[in-house]
Structure formats: structure tokens, C-alpha cells
Amino acid sequence: MDRLQKADSVAQLNAVFNEVGVVVITRNLGMSVAQSTALRGKIREAGATYKVAKNSLAKLAIADTDYVGIGDFLTGPTAIATSVDPVAAAKAVVDFAKTTDKIEIVGGSMGSQVLDAAGVKALASMPSLDELRAKLIGLVQAPATKIAQLQTAPAAKLARVFAAYADKAA
Numbered sequence: 002m003d004r005l006q007k008a009d010s011v012a013q014l015n016a017v018f019n020e021v022g023v024v025v026i027t028r029n030l031g032m033s034v035a036q037s038t039a040l041r042g043k044i045r046e047a048g049a050t051y052k053v054a055k056n057s058l059a060k061l062a063i064a065d066t067d068y069v070g071i072g073d074f075l076t077g078p079t080a081i082a083t084s085v086d087p088v089a090a091a092k093a094v095v096d097f098a099k100t101t102d103k104i105e106i107v108g109g110s111m112g113s114q115v116l117d118a119a120g121v122k123a124l125a126s127m128p129s130l131d132e133l134r135a136k137l138i139g140l141v142q143a144p145a146t147k148i149a150q151l152q153t154a155p156a157a158k159l160a161r162v163f164a165a166y167a168d169k170a171a
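Start counting at 1 in the sequence shown, then tack on 1, and there's your number in this note's numbering.
Hint data in this document are derived by calculation from the structure and do not stem from the laboratory. Check the hints yourself; a few may be wrong.
In silico EDC-like cross-links for lysine to aspartate or glutamate, where the CA-CA straight-line distance does not exceed 20 Å [stated by the list, open to error]:
id : residue 1 : residue 2
1  : Lys52     : Glu105
2  : Lys60     : Glu20
3  : Lys158    : Asp168
4  : Lys52     : Asp86
5  : Lys99     : Asp168
6  : Lys52     : Asp9
7  : Lys60     : Asp3
8  : Lys103    : Asp117
9  : Lys43     : Glu132
10 : Lys55     : Asp86
11 : Lys60     : Asp117
12 : Lys7      : Asp65
13 : Lys122    : Asp86
14 : Lys55     : Asp3
15 : Lys55     : Asp73
16 : Lys158    : Asp102
17 : Lys122    : Asp96
18 : Lys43     : Asp86
19 : Lys103    : Asp86
20 : Lys60     : Asp9
21 : Lys43     : Asp102
22 : Lys99     : Asp73
23 : Lys122    : Asp102
24 : Lys7      : Glu46
25 : Lys60     : Asp73
26 : Lys55     : Asp65
27 : Lys122    : Glu132
28 : Lys55     : Asp9
29 : Lys122    : Asp73
The following label-pair restraints were derived from C-beta to C-beta distances [claimed, not checked]:
id : residue 1 : residue 2 : range
30 : Asp131    : Phe163    : 27 to 33 Å
31 : Asp3      : Asp102    : 23 to 29 Å
32 : Gly72     : Asp131    : 38 to 44 Å
33 : Gly31     : Leu140    : 44 to 50 Å
34 : Asn56     : Lys103    : 15 to 21 Å
35 : Asn29     : Met2      : 15 to 21 Å
36 : Ala160    : Leu130    : 25 to 31 Å
37 : Lys136    : Phe163    : 39 to 45 Å
38 : Asp65     : Ala143    : 41 to 47 Å
39 : Gly22     : Ala64     : 15 to 21 Å
40 : Ala167    : Leu133    : 48 to 54 Å
Here a beta-carbon is modelled for each residue, glycine too, at the ideal position from N, C-alpha and C.
Full structure from sequences and hints, please.
Okay, structure coming up:
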């Protein structure tokens, strides 16, 4: 990799770090190609990205971002999972780590808040942004549904009373 390619790589990583909501650092412990492909697929489905980058270039890329604190995690064979959704990358990596011992969660960061491995796992247990939006919409819709039910309830009760009188008369 020549100097121009390294500068390009640092610029791309810096752009990623300026856009994302969470960064998770993992250590690869001899994953097979099939396992790596499965992990990348799972992360892509979650709307996140997974990249193996040179630690020295990644340290240069985080210099002017909120993620300066993760520089200590960038040692050895590491990879970086990122997502705009603060939970997606953490959830995908933690779910995959449960299936194999070939990947270790080193730590991460949510903005300037540095997380250790336990912090990343706790973040993964939270509902994702889409799940929270769905719950919020459900809460907003619930009163409207109840109002509609209350409006139709008197008519339904009246119809049942008439049906009971009709059955009694017959």
C-alpha cells in the first residue's frame, strides 16, 4: 500500500467515523472464510458495516472525531463494526459472538462515550431504533383505536339488546 492509498484509506475511515452513531471493535481469533462471510452478511442485514483496517491507519482516522477514546482498543488483529443506528452494529456483533468463539468483542464507543466489552453487550440488549419507533407509533395509535371502539360500542350493545328481545319474543 503506497502513501496515496494510505491517505485515501484514512480519509474514508475518517468520513465513516464522522457519520456513525456507534463503533464496535472486535478481535478476530482465526475465523474461517465462511464464518467471516456469515458475519458480514449478518452485519449488512442489520444496516451496519464491518471493516478490517490497519490499526495505525484507524488511529490516524479517529484523531479528529468523537471516537478518539477507542485508540487503545486498536491492537492486534482487529476489525471495526459501525452503524448510524446506535444499537445495530453492537447487536449484530454480539449475536454472532454467541455462535462462535473465534471473535472477541474488545470494546467500542457511542460518540465520545467509550464502552468496554460489557458496555457493548449491554448496548446490544437495548431495542433498536426501528423497534423504538414501532413502540412509539403503537402508543400513539392506541388511544385512537380505543376511541373508535367506544364510539361503536353503544351501537353494538343496542343491537345485542334488540337481538335478546327478539329471541325472547320468539
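Exercise for the section: Run the structure past the numbered hints and jot down the numbers of the failing ones, going up. Expected result: Checked against the structure, the hints that fail are numbers 5, 10, 16, 19, 22, 24, 30, 31, 32 and 36, while the rest are satisfied.
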